[in-house]
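Number of protein chains: 2
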Amino acid sequence: MTDSTSHVGVGVVMRVQDGALEVLLDRGRLPEAVLEPGESLEAALGRAVDVAALAHVEQLETRVLDNGSIATAYLGLVPAESPLAGEWRRASAIELPFVAAAQSRLRAKLSYTNVGFALAPGTFTISELREVYVAALGHDVSATNLQRVLIRRGVLERVDGRRAPGRTGGRPAALFRFASDRLEVTDEFATLRPPR
Amino acid sequence: MTDSTSHVGVGVVMRVQDGALEVLLDRGRLPEAVLEPGESLEAALGRAVDVAALAHVEQLETRVLDNGSIATAYLGLVPAESPLAGEWRRASAIELPFVAAAQSRLRAKLSYTNVGFALAPGTFTISELREVYVAALGHDVSATNLQRVLIRRGVLERVDGRRAPGRTGGRPAALFRFASDRLEVTDEFATLRPPR
DNA sequence: TCAAAAGTGTTTATAATACACCCATGG
DNA sequence: CCATGGGTGTATTATAAACACTTTTGA
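Residue numbers (this note's numbering), protein chains in the order written: chain A, 1 to 196; chain B, 1001 to 1196.
Careful: at least some of the hints might be erroneous.
Chain B regions said to be covered by chain A (calculated; three or more residues, Cβ under 8 Å) [stated by the list, open to error]:
| hint | region |
| --- | --- |
| 1 | 1032-1039 |
| 2 | 1057-1066 |
| 3 | 1138-1148 |
Using 20 Å as the maximum straight-line C-alpha spacing, the simulated EDC-like pairs for lysine to aspartate or glutamate come out as follows [said to hold, decoys possible]:
| hint | chain 1 | residue 1 | chain 2 | residue 2 |
| --- | --- | --- | --- | --- |
| 4 | B | Lys1109 | A | Glu58 |
| 5 | A | Lys109 | B | Glu1061 |
| 6 | B | Lys1109 | B | Glu1188 |
| 7 | A | Lys109 | A | Glu58 |
| 8 | A | Lys109 | A | Glu188 |
| 9 | B | Lys1109 | B | Asp1181 |
| 10 | A | Lys109 | A | Asp187 |
| 11 | A | Lys109 | B | Glu1058 |
| 12 | A | Lys109 | B | Asp1187 |
| 13 | A | Lys109 | B | Glu1184 |
| 14 | B | Lys1109 | A | Glu184 |
| 15 | A | Lys109 | A | Glu131 |
| 16 | B | Lys1109 | A | Glu61 |
| 17 | A | Lys109 | B | Glu1188 |
| 18 | B | Lys1109 | A | Glu188 |
| 19 | B | Lys1109 | A | Asp187 |
I should point out that these hints are in silico values taken from the structure, not numbers from a laboratory. Beta carbons: idealized from backbone N, C-alpha and C, even for Gly.
Please build the complete structure, drawing on both the sequences and the hints.
This is how it looks when you write it as C-alpha cells:
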C-alpha cells in the first residue's frame, strides 16, 4: 500500500446581493476541510461551511489540486437575506478552481429546474426575482417572460398581499413564492420525449 | 495529520449492443484503480480502463464506498464495434453504485448534446441510430423525428452511399455520420435565452 | 404486384419570446 | 394628470411530435 494523499471537501457558496453573484471566501480562499477516515464528504464539508444554512447543496467535481491534495467541490446556494457570515466577493472577480464550474452549473440549472428557490427570499415580487436571475445568468431577463415561464411550470405560487410602491409611485407588485424548497427538474425532456 | 483513506478511480463504461445498454465489468465489479500520490484521477482511471479506446469520458460523481474508500466514478462510452475487451452485461441487471447515475447522465445528455456520436458506429442508417437511442433512453423513439431533430441541429451529416436492403426488401437506407466526435451542447438554452 | 423499409410533406401542439397596451400608485 | 413601475392580452416564432403519403427495393 502506498501513502494516500489527503482529501478535502470544498464549498463554493453563492448568493445574489445587490445585483451581483457573490462567493463566500475564508481568508481569500474557498472554505475547505480535510476528510477524516470513514467520514462522508458531506460531513467534511460541514466542518468548512455551515451546511444547515444552505438552501441547496450539490456536488460539483473532484480534482487533484496544485498542492497535490484531492478536492471534491460542492455548490451551495443561499438567499441574500441569509445570515451566513464570511467574506463575500463577486464571483466575476475570483480566479479560483471550481468557481467557474459552479457558475456554469448554476446557470444551466436555472433554465431547467426550480433552483431559483435557493437564491430568492421567502416571498418576492417578479422584479426582485428578475434581479436574481439577471445576476446569476449574466444576461438580461424579461420580467414578463420570467413570470409566465415559472408560473406555467408550476414553480411559482402567488402569495396574499402586495408590495407597496416606493416614493416614485407605480402599481403595487404582487408577491410570489417558490412552490417547493427542494430541487426539482421542471423541463426534463427538452427533446425526444417518451411517446404517450 | 491523520491517515487518509485510499482513493480509487472507477469506470462505468457503456455501449449499446443488440438493442441493450451494457456495462463493462471486471470479475463482476466495475473496473477501478487506486490513485497514486500526485497522480491525476484520469491517470488512475487509465490503469483500470483502456481510456484511449473510449469515444467519450466524463466525470460522474465522488462517493465514500461501503468499504470506506473514496471513489470517483467516470462515465465512458464506446460504440458497439469497439474491440474493448471484457465482460459486458446489461445495465438493467446491475446493482452497483454509479451505474444508475451513469445511465441517467447518458439519458439526459442524449437530449441536449451530440453524445450519441460515442455510441454509434462511424456511419449508420437512421434506423440503426434509432436502435441505439431506444436502448440508451429506454423508451421508443421515432426514426422520422430523430432524423429531423439531429439534422436540424447540425449533429448529423449525410454520407455518400446507401445501405442495401435485406432479403425482405425495402428502400435502401441513406448513410449518416456525426458531424463531430467531441461533446457539444446543441440545445443549451431550453429557456431564458439571452436576448438578441 | 405486393409487402417491407425508408423517407418526405404537411399538420398540429406546445412553449417561449416580443410587444402593445392597460392598471394602480405617488407626487 | 402624468411619470413610474406592474401586469395582461395577444401576436409571432421556434421546435418537435404526429401522421399521411410517396419512394425504392426484394420476392
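Outcome of the hint check:
1. Against chain A, the region 1032-1039 of chain B contributes 6 residues with a C-beta closer than 8 Å to a partner C-beta. That satisfies the three-residue criterion, and the hint holds.
2. Coverage of the region 1057-1066 of chain B by chain A holds [criterion: at least 3 residues with CB-CB distance below 8 Å; count 5].
3. Counting residues of the region 1138-1148 of chain B whose C-beta sits closer than 8 Å to any C-beta of chain A gives 6, which meets the bar of three, so the coverage hint holds.
4. The suggested pairing of B/Lys1109 with A/Glu58 holds, with an alpha-carbon distance near 19 Å, which does not exceed 20 Å.
5. About 17 Å separates the Cα atoms of A/Lys109 and B/Glu1061, which keeps this hinted pair within 20 Å; it holds.
6. Our distance criterion of 20 Å between C-alpha atoms is met by B/Lys1109 and B/Glu1188, whose separation comes to about 11 Å.
7. Using a Cα cut-off of 20 Å, the hinted pair A/Lys109 and A/Glu58 holds, with the two alpha carbons roughly 11 Å apart.
8. Pair hint A/Lys109 plus A/Glu188 holds up; C-alpha atoms about 11 Å apart against a cutoff of 20 Å.
9. Only pairs whose Cα atoms come within 20 Å are accepted, and B/Lys1109 paired with B/Asp1181 is accepted, the gap being roughly 15 Å.
10. Restraint check for A/Lys109 and A/Asp187: the C-alpha separation of about 10 Å stays at or below 20 Å, so the hint holds.
11. Restraint check: the Cα-Cα separation between A/Lys109 and B/Glu1058 comes to about 19 Å, which is no more than 20 Å; the hinted pair holds.
12. Only pairs whose Cα atoms come within 20 Å are accepted, and A/Lys109 paired with B/Asp1187 is accepted, the gap being roughly 14 Å.
13. With a C-alpha separation of about 18 Å, the suggested pair A/Lys109 and B/Glu1184 falls inside the 20 Å cut-off, and the hint holds.
14. As the CA atoms of B/Lys1109 and A/Glu184 are separated by approximately 18 Å, the hinted pair is consistent with the 20 Å bound.
15. The hinted pair formed by A/Lys109 and A/Glu131 meets the criterion: a straight-line CA distance of about 17 Å does not exceed 20 Å.
16. About 17 Å separates the Cα atoms of B/Lys1109 and A/Glu61, which keeps this hinted pair within 20 Å; it holds.
17. Restraint check for A/Lys109 and B/Glu1188: the C-alpha separation of about 11 Å stays at or below 20 Å, so the hint holds.
18. Of the supplied pair hints, the one linking B/Lys1109 and A/Glu188 holds, its CA atoms being roughly 11 Å apart against a limit of 20 Å.
19. Between B/Lys1109 and A/Asp187, the direct Cα distance comes to roughly 14 Å. Compliance with the 20 Å bound is thereby established for this hinted pair.
Comparing the model with each earlier hint shows no violations; every hint is respected.
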